[in-house]
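Visitor: Taking this note's numbering, the leading residue of the sequence shown gets 863, the next gets one more, and so forth.
Where hints are given, some of them may not hold.
As the list claims (entries may be wrong) - Below, computed lysine-lysine pairings styled on DSS-like, alpha-carbon distance capped at 30 Å: (1) K1006 x K994; (2) K994 x K1026; (3) K1051 x K1026; (4) K1026 x K901; (5) K994 x K1021; (6) K901 x K1025; (7) K1025 x K1006; (8) K1051 x K901; (9) K1021 x K1006; (10) K959 x K901; (11) K901 x K994; (12) K1006 x K1026; (13) K1025 x K994; (14) K901 x K963; (15) K1051 x K994.
To be verified - FRET-style restraints, in silico, Cβ to Cβ: (16) R933 x E1054: 12 to 22 Å; (17) G1034 x R1005: 13 to 23 Å; (18) D1015 x P966: 45 to 55 Å; (19) S902 x D1015: 36 to 46 Å.
It is worth saying that the hints were derived from the structure and are not from the lab.
Only a predicted model underlies this, so the values are computations on that prediction, with no experimental measurement involved.
For every residue, glycine included, the Cβ atom is placed at its ideal position computed from N, Cα and C.
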Amino acid sequence: MLRVAALVLTSFIAFDAFAGPPEVVVFGASWCGPCQMVKSFLDLNRVPYSFLDIDQPANREAMRQTAPHARGIPVVRIERDVILGADFEAMVASLEKHGTKAQPLKPAGKEGVDVFGGQSTSWWQHQFRRVKSMRSAVEDEMRKLQSSDTVADNVELAKLDAKKAQLELLDGTFQMLDDDASRYGVPRKYRE
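When you get a sec, could you build the whole thing from the sequences and use the hints?
Guide: Rendered as structure tokens:
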């Protein structure tokens, strides 16, 4: 009986070792600072992952299927766990749950520089300004489309719908960025 239990335990351990790292998918964009932080975190921990750029419609749809409640990026799927935003504590917990050791990002600040979530206050400020700037550009494009005489055209309506979806995603991303900044204690004055 003891032999059978040892064989089963050995087989289980061998199978567990054979299983490999968890499947990790990051839904994000090249312009998204927190998405780049997530990639750095995964690279630092040598966790293989797929990065799906949500600027591609098929990837955006895949993100909606993975996390229908997500309003912004990044969205990280580790096996069946879905993590919204750059929540490194949740990522570490999920990776460890799936058998992969991970360490959170270490602050990369210089002497006398405030660091929040591994990033400086100027980095956070830049991210907020970038999302706001992109939102303004999309709003301008929408105004131009709406003032066009051809707005009743199906092609123009499709463009307008795409801009509305882009605006919704930027709003969600801004909210997730604000949530991440709150989690890491970034003062409100750097979120403008």
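Visitor: If a hint holds in the structure, say so; if it does not, say that too.
Guide: Cross-check of the supplied hints:
In summary, the hint linking K1006 to K994 is supported, as the alpha carbons are separated by about 19 Å, within the 30 Å threshold. Restraint check for K994 and K1026: the C-alpha separation of about 15 Å stays at or below 30 Å, so the hint holds. As the CA atoms of K1051 and K1026 are separated by approximately 29 Å, the hinted pair is consistent with the 30 Å bound. A threshold of 30 Å between alpha carbons decides the hint, and for K1026 with K901 the separation of about 28 Å falls inside it, so the pair holds.
At most 30 Å may separate the alpha-carbon atoms for a hinted pair to count; K994 and K1021 meet this at roughly 21 Å. Using a Cα cut-off of 30 Å, the hinted pair K901 and K1025 holds, with the two alpha carbons roughly 27 Å apart. Using a Cα cut-off of 30 Å, the hinted pair K1025 and K1006 holds, with the two alpha carbons roughly 11 Å apart. Our distance criterion of 30 Å between C-alpha atoms is met by K1051 and K901, whose separation comes to about 27 Å.
Between K1021 and K1006, the direct Cα distance comes to roughly 11 Å. Compliance with the 30 Å bound is thereby established for this hinted pair. At most 30 Å may separate the alpha-carbon atoms for a hinted pair to count; K959 and K901 meet this at roughly 20 Å. At roughly 22 Å between alpha-carbon atoms, K901 and K994 fall within 30 Å of each other, so this suggested pair holds. Restraint check for K1006 and K1026: satisfied, since their Cα atoms lie roughly 13 Å apart, inside the 30 Å limit.
The suggested pairing of K1025 with K994 holds, with an alpha-carbon distance near 15 Å, which does not exceed 30 Å. Distance hint between K901 and K963 is fulfilled; the C-alpha atoms sit about 16 Å from each other, no more than 30 Å. Pair hint K1051 plus K994 holds up; C-alpha atoms about 15 Å apart against a cutoff of 30 Å. R933 and E1054 have their C-beta atoms about 21 Å apart, which keeps the hinted 12 to 22 Å range intact.
For the hinted restraint 13 to 23 Å between G1034 and R1005, the CB-CB distance of approximately 21 Å keeps it satisfied. Under the hint 45 to 55 Å, the C-beta atoms of D1015 and P966, about 51 Å apart, fit the expected range. Roughly 44 Å separates the CB atoms of S902 and D1015, a value that falls within the hinted 36 to 46 Å.
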